[in-house]
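Visitor: Could you build the full structure based on these sequences and the hints that come with them?
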Amino acid sequence: MTDATAADPPPSVPGPTERREALGRALRNPLLGPLAALVAAVAIFTLTTDTFATAGNASLILQQSIVIGTLALGQTLIILTAGIDLANGAIAVLGTIVMAKYVVGGGDPLLALVLGLTITVVLGTVSGLLVTRLGLPPFIVTLGMLTVVFALARLYAESRSYPVTDPLLRFWGQGTVVGGVRITWGTLLLIVVFAVFWFALSRTAWGRHVYAVGNAPEAARLAGIKVSRTILSVYMAAGALYGIAAWQALGRIPNADPNAYQTANLDSITAVVIGGTSLFGGRGSVIGTLIGTLIVGVLRSGLTQAGIDNLYQDLATGVLVIVAVSLDQVSRRRAAR
Amino acid sequence: MSRDDAATHTDDRPTPVLEARRLTKSFGHVRAMVDADFELMPGEVLAVIGDNGAGKSTLVKALSGALIPDQGEILLEGHPVHFRSPLEARGQGIETVYQDLAVAPALDIASNLFLGREIRRPGLLGTLLRVVDARAMRTEAKHQLDALGVRIPDVRQPVESLSGGQRQSVAVARAAAFGTRLVIMDEPTAALGVRESGMVLDLIRRISGRGLPVVLISHNMPQVFDIADRIHIHRLGSRVAVVSPRTHTMADAVAIMTGAATPDEVGGRSHFDERAGRRDRPGVQGEPTSRALPGPDGATDHGLPEQESPR
Chain A
1 MTDATAADPP PSVPGPTERR EALGRALRNP LLGPLAALVA AVAIFTLTTD
51 TFATAGNASL ILQQSIVIGT LALGQTLIIL TAGIDLANGA IAVLGTIVMA
101 KYVVGGGDPL LALVLGLTIT VVLGTVSGLL VTRLGLPPFI VTLGMLTVVF
151 ALARLYAESR SYPVTDPLLR FWGQGTVVGG VRITWGTLLL IVVFAVFWFA
201 LSRTAWGRHV YAVGNAPEAA RLAGIKVSRT ILSVYMAAGA LYGIAAWQAL
251 GRIPNADPNA YQTANLDSIT AVVIGGTSLF GGRGSVIGTL IGTLIVGVLR
301 SGLTQAGIDN LYQDLATGVL VIVAVSLDQV SRRRAAR
Chain B
1 MSRDDAATHT DDRPTPVLEA RRLTKSFGHV RAMVDADFEL MPGEVLAVIG
51 DNGAGKSTLV KALSGALIPD QGEILLEGHP VHFRSPLEAR GQGIETVYQD
101 LAVAPALDIA SNLFLGREIR RPGLLGTLLR VVDARAMRTE AKHQLDALGV
151 RIPDVRQPVE SLSGGQRQSV AVARAAAFGT RLVIMDEPTA ALGVRESGMV
201 LDLIRRISGR GLPVVLISHN MPQVFDIADR IHIHRLGSRV AVVSPRTHTM
251 ADAVAIMTGA ATPDEVGGRS HFDERAGRRD RPGVQGEPTS RALPGPDGAT
301 DHGLPEQESP R
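These protein sequences, in sequence, are chains A and B.
All residue numbers in the first sequence are consecutive under our numbering, ending with 337.
All residue numbers in the second sequence are consecutive under our numbering, ending with 311.
Note that these hints are calculated values from the structure, not bench results.
Since no wrong hints were added, every one of them can be taken at face value.
One-sided and incomplete, this derived list gives chain B residues near chain A with beta-carbon spacing under 7 Å:
1. Leu87
2. Arg130
3. Val132
Owing to the predicted nature of the structure, the values given are computational and were not obtained by experimental measurement.
All residues carry an ideal CB built from backbone N, CA and C; glycine is no exception.
Guide: Written as structure tokens, this is what we have:
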């Protein structure tokens with residue numbers, strides 16, 4: 001610690017110090033851990049299996065990561081404000097039902113999309129309003145929303161699934177082949193939405209306010225930030241992302257099923273936490289969540305190809321979650337001294 | 001609206017930067033502020049002391065816009081103001097530093113300095129998308145900290161990597177950077193150790209050395225007597241006296257604060273008698289409460305004696 005009582009001006013900063021600072025910042029970068037884990041997992045499966053390190057497998061892992069990745073992005077926004085969303089999977093599922101049922105009933109696909117997106121944004125807004133206006137804990141609000149929305153999805157679906165054949169609704173499952181590898185538009189969309197929110201969180205005043213509100217709500221309020229409005233905006237943005245996830249889900253599986261994505265809420269939280277975002281809010285990044293999503297995808301794919309039982313995949317993911325949360329706790333405690 | 005208009009009726013004394021007249025605030029049956037007066041003169045460090053529950057924080061909240069008084073008026077450089085939120089007070093150049101380190105620990109220093117007032121990129125990027133100019137904020141943050149002699153190697157460090165004193169220094173630097181009229185510090189050293197407190201007191205001196213008046217709320221008598229030009233003593237919801245550290249001892253101040261002595265008993269007299277030439281007469285100072293003031297002109301007349309500080 002430097003002594004700030006000394007009155008003399010700070011020394012002008014020479015090159016080597018600058019470089020040491022840059023190195024120090026890099027080492028303190030919270031993305032380092034998740035990135036190392038991803039690289040290690042890829043390396044291990046590449047060495048231990050013959051089938052893992054192929055372009056086709058990489059493409060498949062990406063495709064399998066799209067829906068959870070988009071849900072996890074919305075989850076990241078909410079967790080950054082020290083909230084949590086248990087209802088994101090249910091909201092997306094209701095979105096798929098609304099879109100599919102409307103088209104099956106002869107409706108216009110574009111209007112179906114608009115309806116589905118509107119529903120998910122409205123439901124996100126409802127969660128946000130309950131959290132900000134009534135001051136209820138996000139866990140309880142979204143637990144209630146989870147139950148309500150799943151029930152709504154089943155009721156609206158009349159407990160059946162809806163086949164989706166419309167090309168617009170299935171768009172994100174389509175793609176192109178580059179050098180023998182299939183790239184779906186959904187993969188590209190995933191990268192685009194992550195890029196958009198990376199930019200919004202790290203480069204705009206809104207993003208800084210999201211972090212501040214999650215990290216120190218009282219300090220944020222005293223600094224003149226409209227805390228409730230910021231939190232509400234986050235739930236609305238997350239709702240829009242759940243709508244996009246619903247659309248992407250229709251591209252992956254040609255069937256809107258009210259019983260699908262039952263564990264998507266926990267899977268998205270897993271991806272966020274493994275990506276290094278703190279459940280206590282105010283720390284983390286969407287890049288971490290992208291890496292976290294890929295880690296889960298790589299683990300599942302690699303363990304499957306190594307011929308290891310599904311249950312061990314769950315076990316490995318669970319252990320990873322606990323490790324990630326422990327690391328977060330330790331670093332927070334060290335920071336607080 | 002010139003400063004002279006407001007100043008003409010108060011003899012040769014300058015217009016107070018911030019003045020409050022007969023502020024009253026009740027919370028249910030509790031009268032937290034009863035005809036409380038307040039004056040902050042240009043360039044001074046004014047300490048506000050008072051026992052627990054005396055209503056210091058109610059007064060300060062009213063002055064910083066965090067609370068709206070039931071009655072009374074607040075004048076900023078002689079002109080009435082009605083703050084409905086801290087944001088409005090800030091908009092008028094009144095910055096407040098809070099005791100509980102009102103910074104976001106996970107955010108870096110530059111982000112904290114500009115929290116809620118980010119420098120935006122020019123053009124549509126800045127206005128429409130609210131894209132921030134991180135480089136400009138870093139440069140400006142470094143400049144502000146250097147100007148106050150706060151030595152922090154890298155403004156990209158998260159605030160939580162700093163010591164308590166350095167964190168508070170960041171909060172003080174923020175106030176100094178944006179406070180154009182005055183800075184209010186609400187127990188800025190209450191959470192700090194001795195050495196760290198010294199760091200913050202040095203900052204207060206530097207800020208005041210720039211000509212920015214400072215209101216310092218503190219429980220720490222040695223600190224108050226070390227740094228204040230004048231000391232506003234609050235008791236039972238209003239100002240009972242304003243003393244100078246050069247003419248009063250800590251024991252005097254504590255006696256007035258606790259009610260063990262009246263301002264008169266410790267050598268104070270009504271400032272009405274003292275307005276002229278009080279510098280020649282040591283031992284002046286105590287000031288009666290406004291409630292004791294006679295006459296319709298009380299509101300203007302119980303302004304403070306002229307500044308004692310040599311500034």
